[in-house]
Amino acid sequence: MTDAPDIHRSEPAARYTESAGRYVVIYVCLLILAALQFVIAYSNVSTFGMFARMLLIAIAEAGLALLFFMHLWAEKRGFLLFVVIFTGFVLLAMQYGWTDSNRMDTGAPYSQPNAGVVSQ
Amino acid sequence: MSQADLAMEGHAPGLVTGIPPFSVPAKKMAIWLFIIADAATFAGCLVAYGFLRNGTPHWPTPFHSIVNVAIMTFILLTSSLTMLFGVRAAKAGDKSAAFRWTLITAIGGIIFALLHIREWLGLIGEGMTMFHNPWGTSLFGASFFSITGLHLLHVTGGVIALLAVGIRYMGGRYKADDLEVTGLYWHFVDLVWMFVVPLVYLLNLSH
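So the protein sequences, as listed, match chains A and B.
Okay, so the first sequence: first residue is 10 according to the numbering used here, each after it adds one.
Okay, so the second sequence: first residue is -10 according to the numbering used here, each after it adds one.
In short, the hints are calculated from the structure, not lab data.
Check each hint, because a few of them may be wrong.
PhoX-like cross-link-like pairs, simulated, lysine-lysine; straight-line CA separation at most 20 Å [unchecked claim]:
{"#": "1", "chain 1": "A", "residue 1": "Lys85", "chain 2": "B", "residue 2": "Lys17"}
{"#": "2", "chain 1": "B", "residue 1": "Lys17", "chain 2": "B", "residue 2": "Lys80"}
{"#": "3", "chain 1": "B", "residue 1": "Lys84", "chain 2": "B", "residue 2": "Lys164"}
{"#": "4", "chain 1": "A", "residue 1": "Lys85", "chain 2": "B", "residue 2": "Lys84"}
{"#": "5", "chain 1": "B", "residue 1": "Lys164", "chain 2": "B", "residue 2": "Lys16"}
{"#": "6", "chain 1": "B", "residue 1": "Lys164", "chain 2": "B", "residue 2": "Lys80"}
Partial pick of chain B residues on the chain A-facing surface, computed with a CB cut under 8 Å [as the list claims (entries may be wrong)]:
{"#": "7", "residue": "Phe11"}
{"#": "8", "residue": "Ala28"}
{"#": "9", "residue": "Ala59"}
{"#": "10", "residue": "Met183"}
{"#": "11", "residue": "Phe184"}
C-beta: ideal position from N, C-alpha, C; glycine also.
Using the sequences and the accompanying hints, generate a full structural model.
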């Protein structure tokens, strides 16, 4: 019994022939974006504003890493869509709890200590 | 019509022709599925952390310096680049260069882990544990150690995998594809850190 072949004929052969220069450019972009997050941390904006800016930058960083470091860009479009849509859906579905988190903080009925307690 | 033809009737073309889904080899597909599942794990932890932070008044902001975390970020990003060089060399058939880059990547991971542990020890020295800290709600310590601990666990696992696969690749037991699969995991660990840093460290700086 022989092992299954490791490389399939349908796999694009030129996937890792990108120049090292391209990798370095992406790496420098990632360093700049990471540095930008650190600069924002010391800027004079609200916590939510800071969070929004940092999250956007992190998503941009993740996109670059996924597409070029993890070579998702070189895969078939169907696979790219599978990964992005599947992961995106799961991540978006997780945002379902934020309204309840805001309720805890901003004081809907029964969210505050002693709220709804009837004194005897 | 043969018995095999009859047995395959009604199946998707991929099963009949042997072409893998999306033309992605099985090992690579497996690591991508793991990465998607692991992304959901980390996202669950980070969303839960955000939930707690948003819903807890007077969340502690104990970090005075970002030097350590900046160095850790730089090392992890650089290790991703060296991993790329390693896989590229492996695909080009340059075994010794591929092994050398993989080793450099693993060393980067070890330095990252050591810096992480040093930071943990500093925080523990200031009185922070899983269930108590001197700055406020105990949820901070629990969430901080849980998230950074999960990431540190991934880095440690990655370093072990890099060394094991690198050595076996050099010995001829593994192929370039195996190094590529390990590299995908390592890039994912790097990717997760890009979200951990702003959420867990930078938003908790004391101004």
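**Structure versus earlier hints - violations, ascending order** = 4
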